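Participant: Which chain is which? The protein sequence lines are A and B, in order. Going by this note's numbering, the first residue of the first sequence is number 1, and it counts up by one from there. Going by this note's numbering, the first residue of the second sequence is number 1, and it counts up by one from there.
It should be emphasised that the hints constitute simulated quantities derived from the structure, not laboratory data. Note that the coordinates shown come from a computational prediction; the quantities given were computed from them, not determined experimentally. Glycine included, every Cβ here is placed at the ideal spot set by N, Cα and C. Be careful, since some hints might not be right.
As the list claims (entries may be wrong) - Derived EDC-like pairs (lysine to aspartate or glutamate); straight-line CA-CA distance at most 20 Å:
{"#": "1", "chain 1": "B", "residue 1": "K293", "chain 2": "A", "residue 2": "D211"}
{"#": "2", "chain 1": "B", "residue 1": "K115", "chain 2": "B", "residue 2": "D369"}
{"#": "3", "chain 1": "A", "residue 1": "K210", "chain 2": "B", "residue 2": "D79"}
{"#": "4", "chain 1": "B", "residue 1": "K210", "chain 2": "A", "residue 2": "E86"}
{"#": "5", "chain 1": "A", "residue 1": "K210", "chain 2": "B", "residue 2": "E86"}
{"#": "6", "chain 1": "B", "residue 1": "K293", "chain 2": "A", "residue 2": "D240"}
{"#": "7", "chain 1": "A", "residue 1": "K177", "chain 2": "B", "residue 2": "E86"}
{"#": "8", "chain 1": "B", "residue 1": "K177", "chain 2": "A", "residue 2": "E86"}
{"#": "9", "chain 1": "B", "residue 1": "K87", "chain 2": "A", "residue 2": "D211"}
To be verified - To spell it out: a stretch of chain A is covered by chain B in this simulated footprint if at least three of its residues, at any positions, have a beta carbon under 8 Å from a beta carbon of chain B; those stretches are:
{"#": "10", "stretch": "58-69"}
{"#": "11", "stretch": "149-155"}
2 protein chains.
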Amino acid sequence: MKITSVDPFYLRMPEITSAADGTQDTLLVRIRTDIGLEGWGECDASPLVSIAVHCCPMSHGNIINIRTSLIGETLDGPDDVVRLSEKVLRNGLDIQQIQHAYSGAEIALWDVIGKKLNQPVYRLLAEMSDTSDSPHPKLPYASVLFGDTPADTYRIGLDLRKLGYHAAKFGWGPMGKYGEENDIELVRAAREGMGPDAQVMIDAGVVWGKDYETAYKRAEVFSQFSPTWLEEPLSPDAIDAYGSLTGMNPAVPIAAGEGSNTYRMAEDLILHGRIQYVQIDTGRIGGIMPSYKVRRLAEQHGVQFVNHTFKSHLSLAAALHVFATNPDFKLLEYPAAGSELSQRIVQNPFQIDSDGMVHVKELPGIGVDVDTEVIRSYLAQVHITVGSETVFQQPQL
Amino acid sequence: MKITSVDPFYLRMPEITSAADGTQDTLLVRIRTDIGLEGWGECDASPLVSIAVHCCPMSHGNIINIRTSLIGETLDGPDDVVRLSEKVLRNGLDIQQIQHAYSGAEIALWDVIGKKLNQPVYRLLAEMSDTSDSPHPKLPYASVLFGDTPADTYRIGLDLRKLGYHAAKFGWGPMGKYGEENDIELVRAAREGMGPDAQVMIDAGVVWGKDYETAYKRAEVFSQFSPTWLEEPLSPDAIDAYGSLTGMNPAVPIAAGEGSNTYRMAEDLILHGRIQYVQIDTGRIGGIMPSYKVRRLAEQHGVQFVNHTFKSHLSLAAALHVFATNPDFKLLEYPAAGSELSQRIVQNPFQIDSDGMVHVKELPGIGVDVDTEVIRSYLAQVHITVGSETVFQQPQL
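Take these sequences, add in the hints, and give me the full structure.
Facilitator: The following block contains the structure:
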């Protein structure tokens with residue numbers, strides 16, 4: 001079959017705040033083919049900047065947009081996805097945003113191919129790499145922001161527990177901003193709200209920059225509350241600082257990686273930051289295949305692989321295919337308090353089973369269906385002209 | 001003073017081809033202040049994608065555009081440039097294209113501050129880092145593309161020699177595409193055209209991807225023509241492959257780094273790729289200060305620092321300030337065959353003196369004047385709407 005269109009859709013809530021809540025808007029990408037099959041993917045990226053990568057005029061041989069690289073191309077099997085990804089990245093060599101913008105299309109290509117071959121994507125990946133294709137359920141951890149105060153955080157934990165979560169990550173907001181005592185009280189409140197038997201993760205939201213000594217001190221003092229990990233205490237590219245931090249053997253494992261815009265950034269974190277958990281966003285790093293390569297690298301280095309997902313269940317579905325077949329990677333970031341938009345994008349969201357676990361979708365492709373009726377009301381129409389030419393006109397949903 | 005506007009201008013030639021010629025279009029950024037001072041900078045990046053980074057709607061606290069971060073801010077000295085850069089990058093943490101897009105504005109901020117303090121930028125940098133502020137001239141090497149054939153390449157070399165160049169770099173085009181014999185003939189032709197006493201550099205234009213063994217073989221066989229370096233034989237992020245290549249001690253030094261979109265990418269290449277020449281584009285890595293940090297890192301590691309410049313003399317001026325004060329870094333990439341547009345952007349381009357050398361501008365700020373009359377005829381008007389809102393309207397030149 002041939003690719004006939006690559007269409008990005010900018011969806012957003014009526015109001016956007018500066019909170020670290022990535023579900024306030026999103027970019028979906030739809031790929032259509034000449035035999036009527038279509039696929040969908042989602043980027044965790046600035047929608048407008050990423051739309052520009054789909055339609056920007058050519059600057060030279062290393063700045064060619066995603067649509068030009070894909071439309072008209074042949075797409076018949078997984079090898080075509082790999083080939084087309086190489087083409088897109090080579091044509092976009094000098095577009096820094098290329099991985100962020102391409103992630104949605106890459107996921108959509110897998111969705112199409114899975115539907116064509118009547119296979120869930122995780123099985124296609126297993127076949128390509130000659131590994132086990134048995135999926136294993138994951139323990140979902142609710143991913144939420146800290147409350148503004150320890151008391152608010154305690155209540156959030158209590159509520160999550162009532163909703164049936166056995167694990168939760170608290171992040172960003174006040175963490176690291178009002179001194180050590182407040183940081184400790186926030187973590188204490190998260191632990192007390194969730195109860196002694198739950199898994200609790202702490203996401204510091206890059207608050208200590210390159211200051212690995214403060215990060216180390218916090219890890220030591222947080223250890224009394226037995227968090228599963230301390231996430232992103234440092235800036236994404238402060239690799240030496242990560243290396244210094246992990247070299248001090250803090251009492252809480254260190255997690256990072258959501259800021260990996262390329263495979264190399266994740267590799268760099270694993271090899272030189274020596275983190276214990278690598279967290280990959282399939283909607284940022286360029287899609288499913290580069291995420292899968294990081295999973296394989298994590299396996300080689302004895303590092304735990306975890307998804308980073310703070311968008312809709314379309315992103316969650318894509319993320320799950322990446323590591324469903326490794327039973328040692330047990331945890332799944334599960335967006336539990338996202339915007340109304342993020343909760344309504346797919347018709348068949350993931351349910352938590354009676355054992356408290358989440359299963360990969362045993363359906364062709366990614367396995368979730370985008371609710372085009374619902375998302376229409378969140379669509380921000382985008383129109384871009386350069387000189388006398390319209391380079392982007394909003395495609396129909 | 002206060003920043004009153006941050007205005008990007010997309011300039012382009014009437015026709016754009018897929019040749020690896022980065023001078024066919026460009027993005028200039030003008031910053032204006034409330035006391036009438038203005039500064040200019042240039043990005044080596046996709047103009048449309050980078051304009052989107054100036055104006056994209058906020059997605060959350062980590063996707064906030066450049067204009068929002070800068071307009072209304074106080075700008076009185078070099079420390080303000082550093083502070084504002086931290087703000088822009090923090091607010092744009094989840095915008096992958098942030099460094100590419102911000103480079104022009106960062107350079108423009110230095111231009112403004114230099115004018116305000118009546119100092120060339122290289123002296124401000126020397127003062128901040130407490131190092132020598134004596135500038136040293138550089139040997140310009142003409143940066144050109146290979147001809148389609150060895151015979152064409154020979155003629156290009158001959159012409160450059162007649163124009164007075166004592167050094168030239170030949171790149172991209174047919175290199176690596178038609179087998180070893182043709183590659184050898186291309187390098188032989190470059191050497192013969194330039195003559196035995198000239199410096200000749202070879203730019204392979206990332207053609208061997210991760211295949212460091214072929215890159216090694218070519219370096220060995222090219223060594224008979226004594227090139228100064230073999231540049232970018234591998235993909236920008238194939239750091240392990242670079243490490244393998246340099247570990248084999250090829251007979252020609254290895255150069256790379258123009259693809260460094262962040263300081264960390266350059267650091268990664270130096271520490272783990274173990275290259276001998278690091279080539280930094282001030283218009284990509286986020287501007288003058290991150291480039292200057294790479295220069296300092298190169299000094300620590302005994303690596304040669306060279307600019308990457310394939311835009312106008314506005315970019316060349318910014319690049320020169322970064323390493324003018326280090327006499328050991330002798331070479332300067334000098335765009336010698338760029339488009340008419342790239343040659344007309346500044347009113348006072350760099351001249352080559354009677355000794356064949358180029359000197360940093362001893363003028364306040366960056367030291368070149370943008371010819372606004374000339375560039376008006378190359379301006380591509382950009383207009384972007386999102387929903388009912390115009391997020392970008394072309395500013396007046």
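Participant: Which numbered hints does this structure break?
Facilitator: 11
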